[in-house]
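There are 2 protein chains.
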Amino acid sequence: MLENIDIAAKFDKAEYKRLMPQLEIRLSELQRQLIDFDLPVIVVFEGWAAAGRGVLLNKLISALDPRGFSVYSTYHCQLGEQYPYMYRFWSNIPAKGRIAFFDRSWYNRFVVNPGEDNSERNKYFEQVNSFERQLAADNYIIIKIFLHISEDEQKKRLKGMGKLRAARWRVTEGDWDQNDKYDKRFAEIQTMIRKTDSYYAPWTIVPAHDKKYAAVQIYRTLIDVLENKIESCRRDKSCFVGVKQAELTPLPPSVLNSIDLTKDTKEEEYRHELKLLQKRLRQIQYAVYSQQIPLIIVYEGWDAAGKGSNIKRLTQNLDPRGYEVIPIGPPNEVERKHHYLWRFWKSMPYAGKIAIFDRSWYGRVLVERVEGFCHETDWKRAYQEINEMEEQITDYGGIIVKFWLHIDKQEQLQRFRERQQIPYKQWKITEEDWRNREKWDYYRQAADEMLFRTSTNYAPWHIVEGNSKLYARLKTINTVIKAVEDRL
Amino acid sequence: MLENIDIAAKFDKAEYKRLMPQLEIRLSELQRQLIDFDLPVIVVFEGWAAAGRGVLLNKLISALDPRGFSVYSTYHCQLGEQYPYMYRFWSNIPAKGRIAFFDRSWYNRFVVNPGEDNSERNKYFEQVNSFERQLAADNYIIIKIFLHISEDEQKKRLKGMGKLRAARWRVTEGDWDQNDKYDKRFAEIQTMIRKTDSYYAPWTIVPAHDKKYAAVQIYRTLIDVLENKIESCRRDKSCFVGVKQAELTPLPPSVLNSIDLTKDTKEEEYRHELKLLQKRLRQIQYAVYSQQIPLIIVYEGWDAAGKGSNIKRLTQNLDPRGYEVIPIGPPNEVERKHHYLWRFWKSMPYAGKIAIFDRSWYGRVLVERVEGFCHETDWKRAYQEINEMEEQITDYGGIIVKFWLHIDKQEQLQRFRERQQIPYKQWKITEEDWRNREKWDYYRQAADEMLFRTSTNYAPWHIVEGNSKLYARLKTINTVIKAVEDRL
Numbered sequence: 001m002l003e004n005i006d007i008a009a010k011f012d013k014a015e016y017k018r019l020m021p022q023l024e025i026r027l028s029e030l031q032r033q034l035i036d037f038d039l040p041v042i043v044v045f046e047g048w049a050a051a052g053r054g055v056l057l058n059k060l061i062s063a064l065d066p067r068g069f070s071v072y073s074t075y076h077c078q079l080g081e082q083y084p085y086m087y088r089f090w091s092n093i094p095a096k097g098r099i100a101f102f103d104r105s106w107y108n109r110f111v112v113n114p115g116e117d118n119s120e121r122n123k124y125f126e127q128v129n130s131f132e133r134q135l136a137a138d139n140y141i142i143i144k145i146f147l148h149i150s151e152d153e154q155k156k157r158l159k160g161m162g163k164l165r166a167a168r169w170r171v172t173e174g175d176w177d178q179n180d181k182y183d184k185r186f187a188e189i190q191t192m193i194r195k196t197d198s199y200y201a202p203w204t205i206v207p208a209h210d211k212k213y214a215a216v217q218i219y220r221t222l223i224d225v226l227e228n229k230i231e232s233c234r235r236d237k238s239c240f241v242g243v244k245q246a247e248l249t250p251l252p253p254s255v256l257n258s259i260d261l262t263k264d265t266k267e268e269e270y271r272h273e274l275k276l277l278q279k280r281l282r283q284i285q286y287a288v289y290s291q292q293i294p295l296i297i298v299y300e301g302w303d304a305a306g307k308g309s310n311i312k313r314l315t316q317n318l319d320p321r322g323y324e325v326i327p328i329g330p331p332n333e334v335e336r337k338h339h340y341l342w343r344f345w346k347s348m349p350y351a352g353k354i355a356i357f358d359r360s361w362y363g364r365v366l367v368e369r370v371e372g373f374c375h376e377t378d379w380k381r382a383y384q385e386i387n388e389m390e391e392q393i394t395d396y397g398g399i400i401v402k403f404w405l406h407i408d409k410q411e412q413l414q415r416f417r418e419r420q421q422i423p424y425k426q427w428k429i430t431e432e433d434w435r436n437r438e439k440w441d442y443y444r445q446a447a448d449e450m451l452f453r454t455s456t457n458y459a460p461w462h463i464v465e466g467n468s469k470l471y472a473r474l475k476t477i478n479t480v481i482k483a484v485e486d487r488l
Numbered sequence: 001m002l003e004n005i006d007i008a009a010k011f012d013k014a015e016y017k018r019l020m021p022q023l024e025i026r027l028s029e030l031q032r033q034l035i036d037f038d039l040p041v042i043v044v045f046e047g048w049a050a051a052g053r054g055v056l057l058n059k060l061i062s063a064l065d066p067r068g069f070s071v072y073s074t075y076h077c078q079l080g081e082q083y084p085y086m087y088r089f090w091s092n093i094p095a096k097g098r099i100a101f102f103d104r105s106w107y108n109r110f111v112v113n114p115g116e117d118n119s120e121r122n123k124y125f126e127q128v129n130s131f132e133r134q135l136a137a138d139n140y141i142i143i144k145i146f147l148h149i150s151e152d153e154q155k156k157r158l159k160g161m162g163k164l165r166a167a168r169w170r171v172t173e174g175d176w177d178q179n180d181k182y183d184k185r186f187a188e189i190q191t192m193i194r195k196t197d198s199y200y201a202p203w204t205i206v207p208a209h210d211k212k213y214a215a216v217q218i219y220r221t222l223i224d225v226l227e228n229k230i231e232s233c234r235r236d237k238s239c240f241v242g243v244k245q246a247e248l249t250p251l252p253p254s255v256l257n258s259i260d261l262t263k264d265t266k267e268e269e270y271r272h273e274l275k276l277l278q279k280r281l282r283q284i285q286y287a288v289y290s291q292q293i294p295l296i297i298v299y300e301g302w303d304a305a306g307k308g309s310n311i312k313r314l315t316q317n318l319d320p321r322g323y324e325v326i327p328i329g330p331p332n333e334v335e336r337k338h339h340y341l342w343r344f345w346k347s348m349p350y351a352g353k354i355a356i357f358d359r360s361w362y363g364r365v366l367v368e369r370v371e372g373f374c375h376e377t378d379w380k381r382a383y384q385e386i387n388e389m390e391e392q393i394t395d396y397g398g399i400i401v402k403f404w405l406h407i408d409k410q411e412q413l414q415r416f417r418e419r420q421q422i423p424y425k426q427w428k429i430t431e432e433d434w435r436n437r438e439k440w441d442y443y444r445q446a447a448d449e450m451l452f453r454t455s456t457n458y459a460p461w462h463i464v465e466g467n468s469k470l471y472a473r474l475k476t477i478n479t480v481i482k483a484v485e486d487r488l
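Protein chains in written order, with this note's numbering: chain A, 1 to 488; chain B, 1 to 488.
Just so you know, the hints here were simulated from the structure itself, not pulled from any lab data.
Wrong hints could be hidden among the right ones.
Note: identical chains are not told apart, hence a pair may lie in one copy or across any two.
What the hints assert, rightly or not - Each computed SDA-like pair below joins lysine to any residue, with the alpha-carbon atoms no more than 20 Å apart:
# : residue 1 : residue 2
1 : Lys346    : Ser91
2 : Lys59     : Pro327
3 : Lys10     : Ile230
4 : Lys96     : Asn332
5 : Lys163    : Glu153
6 : Lys211    : Val55
7 : Lys279    : Leu164
8 : Lys409    : Trp440
9 : Lys96     : Val334
As the structure is a computational prediction, the values presented were derived from the model and not from experiment.
Construct the entire structure; sequences and hints are all you get.
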């Protein structure tokens, strides 16, 4: 796409002075309409070094109400390196009705240093495309700008900046390196644009020799995209872009119906084993710390399956500085304003830390599906979205261990009754638990489908026979130990 | 306090086995009651190196519902160094109904390296005491545990840990250094405890030679404190601890009534000056970046005083990567669950960055006072709280520039009418603006008191004559430039 651009296009000064105020007013009107329609917008500012990103971005935001946008700069991200690459961008996606400007972005890594390894590159494009597709499917508007200048123009600007004290610090060795290898980088950026150009997140190449021309182009692009989207929302409240998803394969017979729940462990054996395993787990904690591995343990399962007491045994001998139990309840006001995976991305552990999720992102395909808190298309799409997220985490080096704590309906009834009878356990049983129990078959179906569609080689499910709590506790700790040992 | 402790106290094993389950159940009951009464709790875990913080903390949290607490460890805080010291703790204060455990805490800095400079130390104690007093005044429960072991016991443990592969990594040079200088550190910790022991945030010294004894002590301390607090809340819904505040001095005559609002700037002069000032401001931005100074600019003032357009001129020529405009509206659901200063602490800029607050923490003594959104004691207390926060930021090296954009009632009326008449400005004027206008005199009184009580030598207010927007814009930019130049 880059080669067909009139890179030196100019804009008439008088015409600019006449037009710009109109564009500014129009864009600020559209910004207010975004709030009315609860539409989140992501604007990516990429381009050659010295293409004028700073000036043009400032020109753009000067028209906007600062209550409605944020600017994220991908320079300041030391913290980011302790997390999977996309973590820092997921953390900063805008809430509904807001605009996030990314000065440099998830493309920065490629533009600065695309690397030579093709499979690495493809992995990277996959991650980027998955990110954008997931957001677009949740009705995020994604606008990607690439500011284009020629090799000569870039050299001239870098030299000019080098002469000014207040600008010099912004010219890095990497910038000069880009200029030295302009032709090579040109081809690489072409590839990047081709690989990441989509109907839901298209690239706009903006010739940036002339600041006025570029500014007008950028304003027009934003105005165009927003007008179209808002227009289609006005016609039809469910103005989703309709991102195409993979077809779901047919389901095999239920796994859960065939689980042997008679497995048991004797009290004495349990005590003995538990001590040993907890000791070993403490060493495992040290190992993941020293090797800087993020370890993610997910607990799902029936109400009263024993998640809480299981987690207690898992953490009993751990150093509390190195693990965190993250209980997942209904999303709060702020979380509801974001993509449903946002809060999970944000609570992913940094390298070397253990995060134990008591319920998780699988709520999307369990409770949200059964209770109708999201559309059918949403939870059907979620299998792929979740698989992609988990793949990114394990690609980064993370270990994910997922447990489905399984009990049968009779066992649950017994435990519910026990909870009602023991005073200090009564708070654990609510009306909602009884209502969920009535929907047992729907939940079973949802769990079965989840286990089938999201058991991957990089993040497999472990079904834990939970009628015997003692057996279940030993099995989960054992499984975590094995998962880490396999990696070491 | 340390010298009177029976450091080697032991607890009988059989009695421990009988008692501990009761304590655990009791504590978990109290945790649920915290939610009913919306009470936030902070538990500080300090002590000698190798005193057993990790094990004891884990023992304590194992009784609790993980949905209701978080553990913060003060080891992992690289990011923290780009902020004033208390920033990292303010960021992590619990929401109402939740418990935050700090494994090491704001006392860590002193316990590890108290330094030799007495005025530094006193500054430090002031910061810590201010933090705890502000939280206690907002009904935070603060429990501070110090785990005490003898020099010999510490040496024995450090040696023992050095022999175990999985524990060795936790023994640092600093730990051994502490043991070498045990007597000196002992005296210093005595000082620390004396200087920071208060009726609203008292220290509890726990002899920690015997883990069982220590565990029982810690459980009992928490249970005691929580039972008392909950009991007093049950008797009286407004169960505030009643932290003593400084008396307010009498007010002088109104400053605002004596402002000369006829000051004006000619259009031509304005254009010329603005260009020069914006250019200079860009250099200033570079200076604060390269010197790693956080620069905080606060805008307060009447509705329609021109804050928005003033900020636009201030930022017009800045690099968007180095500044952020932070518009302050009513707090959201999550923010309302925290101390009112929490959201402002969290949005303070890191070293080298510029934050421009469009309205600010001064809402506490302006809109919240006038509209009755907080109690009289709350806003009266706020003057001191705000002064303390600003002092901590400037002590860290930050620069704070505060503007009150002033117009008269007639000018406001004219601008309101203009907004109603120009189509693309109509959104700027709401019913609320007209209602606020009716309370002009109350707001004037509140603003006058604010200007008097929070104008400090480290963070002075600048009243900006705003009837002429052009004059006001030049004055604010000039003031910012001068504030930074004075520092350089």
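We went through each hint and held it up to the structure:
1. Lys346 to Ser91: The answer is both: 5 Å in one copy and 16 Å across copies each meet 20 Å.
2. Lys59 to Pro327: Classified as between: cross-chain Cα gap 19 Å, same-chain 43 Å, threshold 20 Å.
3. Lys10 to Ile230: The answer is neither: 30 Å in one copy and 71 Å across copies each exceed 20 Å.
4. Lys96 to Asn332: Classified as both: same-chain Cα gap 14 Å, cross-chain 15 Å, threshold 20 Å.
5. Lys163 to Glu153: within (16 Å within a copy, 63 Å between copies)
6. Lys211 to Val55: within (8 Å within a copy, 62 Å between copies)
7. Lys279 to Leu164: between (61 Å within a copy, 12 Å between copies)
8. Lys409 to Trp440: Answer is within; shortest intra-copy Cα gap is 8 Å, inter-copy 66 Å.
9. Lys96 to Val334: both (10 Å within a copy, 17 Å between copies)
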